[in-house]
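Trainee: Using the sequences and the hints, build the whole thing.
According to this note's numbering, the sequence shown is numbered sequentially starting from 35.
For the record, the hints were derived by calculation from the structure and aren't laboratory data. Since the structure is predicted, the reported quantities are computational estimates derived from the model, not experimental observations. Treat each hint with caution, since some may be false.
As the list claims (entries may be wrong) - 20 Å max Cα-Cα, derived DMTMM-like pairs, lysine to aspartate or glutamate:
(1) Lys237 <-> Asp94
(2) Lys237 <-> Glu253
(3) Lys237 <-> Glu266
(4) Lys237 <-> Asp143
(5) Lys237 <-> Asp259
(6) Lys237 <-> Asp106
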Amino acid sequence: MTTSLIRSSLFCILSLSTGATLVSQTNPFGCHYFRNGHRPHPEATAADRTQIAETIARSDTFDILHYDITLDVTNYGGASITGATTIDVRALVSDVDRIRFDLFELTVDSVLSDGSSLTHAYDGQFLDVDLPTPMAQGEEIAITVHYHGQPHRDPDWGGFYFESQYIYNLGIGISTIPPNFGKVWYPCFDSFVERASYSYHVKSAGTYRFHGQGNFLGEVQLGGDTVIRSYELPNRYPPT
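Mentor: Structural data, given as structure tokens:
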């Protein structure tokens, strides 16, 4: 069976062949078997509302223009990903010297711009990056974040799943506040306010192949049965 990874404004899916080895999950039944068994929705706390407002306010300081996401999914047996996301950013105000991204419970390996390392701090929820120099209004910069790990899942429904011969991402967390879940697999401004264009480069092996929405850019053979397939979404969407 050919593997497919489908990215839309709501979800992305990577289906695996029948012989794929999958790790066990705490809840073995995902969206295919969901029967409204979730707990009552939590109420937003004052801290939740403050966090949501802070995330939205970032879009008054920076405009995310484009995400270029390289994702290695060859370790599906370990339920983990390795990623490198380049984020093109434009400053909307002057004299900004730090930018914050949402990235949830992954390991950050490095943060670069123009090949040089950037000082950063990461607490498992927010990635704060010191810019090389204060940016002027209208100035642009490209920041690349290298990271890896096992993507998070919502306790009830949503997030990154490895089950039933599929790897798929549901871009919301049904019992999480805020519910935005782009942050579980790439660094982003994770709010519905911020929109950007996307390009994807997905490395897979065996019979697995990435098939995505948008424009197909091509396939690169890396040797053996390993390939990278690329797509682009030129229209601007919020993170999912």
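Trainee: For every hint, state whether the structure bears it out.
Mentor: Hint by hint, here is what the structure shows:
With a C-alpha separation of about 35 Å, the suggested pair Lys237 and Asp94 falls outside the 20 Å cut-off, and the hint is violated. Note on Lys237 and Glu253: the hinted pairing holds, with a Cα-Cα distance of about 10 Å set against a maximum of 20 Å. Using a Cα cut-off of 20 Å, the hinted pair Lys237 and Glu266 holds, with the two alpha carbons roughly 15 Å apart. For a cut-off of 20 Å, the pair hint linking Lys237 to Asp143 stands: about 19 Å separates their Cα positions.
The straight-line distance between the Cα atoms of Lys237 and Asp259 is roughly 11 Å, inside the 20 Å bound, and the hint therefore holds. Proposed proximity of Lys237 and Asp106 is supported: the alpha carbons are some 5 Å apart, at most 20 Å.
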